[in-house]
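Colleague: The listed protein sequences correspond, in order, to chains A and B.
Using the numbering used here, you'd call the opening residue of the first sequence number 1 and step up by one each time.
Using the numbering used here, you'd call the opening residue of the second sequence number 1001 and step up by one each time.
Some hints here could point you the wrong way.
Said to hold, decoys possible - Covered stretches of chain B, as calculated for chain A (at least 3 residues, CB under 8 Å): (1) 1008–1021; (2) 1075–1081.
Stated by the list, open to error - Calculated pairs, DSS-like style, for lysine-lysine (alpha carbon to alpha carbon, straight line, at most 27 Å): (3) K59/A <-> K98/A; (4) K98/A <-> K42/A; (5) K98/A <-> K1057/B; (6) K98/A <-> K57/A; (7) K98/A <-> K78/A; (8) K1009/B <-> K58/A; (9) K59/A <-> K69/A; (10) K57/A <-> K78/A; (11) K69/A <-> K42/A; (12) K1057/B <-> K1009/B; (13) K1009/B <-> K98/A; (14) K78/A <-> K1009/B.
Treat the hints as calculated values from the structure; they're not laboratory data.
For every residue, glycine included, the Cβ atom is placed at its ideal position computed from N, Cα and C.
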Amino acid sequence: ILNVEQSPQSLHVQEGDSTNFTCSFPSSNFYALHWYRWETAKSPEALFVMTLNGDEKKKGRISATLNTKEGYSYLYIKGSQPEDSATYLCASPRGYNKLIFGAGTRLAVHP
Amino acid sequence: DSGVTQTPKHLITATGQRVTLRCSPRSGDLSVYWYQQSLDQGLQFLIQYYNGEERAKGNILERFSAQQFPDLHSELNLSSLELGDSALYFCASSVDPGTTEAFFGQGTRLTVV
């Protein structure tokens, strides 16, 4: 894989559902994997930065895992709430400096 | 408040003109990134500076240029503007390029008419 790719492109879930999305990135010359949350009319805000294979991070109901050998990361949201509705972006530095973002997964949580 | 300040928030200008977007990074952050978000597109990486030096370039047009000054603020210059340059331009800063989280400014909405 040459670029940062995210799937699915969009997701609609009901309040209380748990959900997850995927970020795929080039596994060669890996430095770090970032996850950001981007609410409409706001700026992206960092959720996690992970650097080690097998890393797991958690913030409230949101958690993320990292597999650097196969080049993927999962973001999980447990018990989704309407306020979780946002676009979730992942990013990976290329050549240590170029922080390249995926196209994002747009999550809509319906009451 | 992320601590990253972008000015102006909105800019409307005519085709063929030149504009300058300004970014003040968070105190202590040496790395500054510029991104462009066009309609229904994701964040496109333009350019990155670290402590005054250009470190990485993305798909930045030749009509666009940037610099980071000794006080670490950065400016993105867009010239010979075209309708297609209308977009939201974000600046972000971080302590370490790549391995620490980036903090984003509120963006500058550029409209070319």
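Colleague: When the hints from earlier in the document are held up against this structure, which numbers fail?
Modeller: 1, 2, 7, 8, 11 and 14
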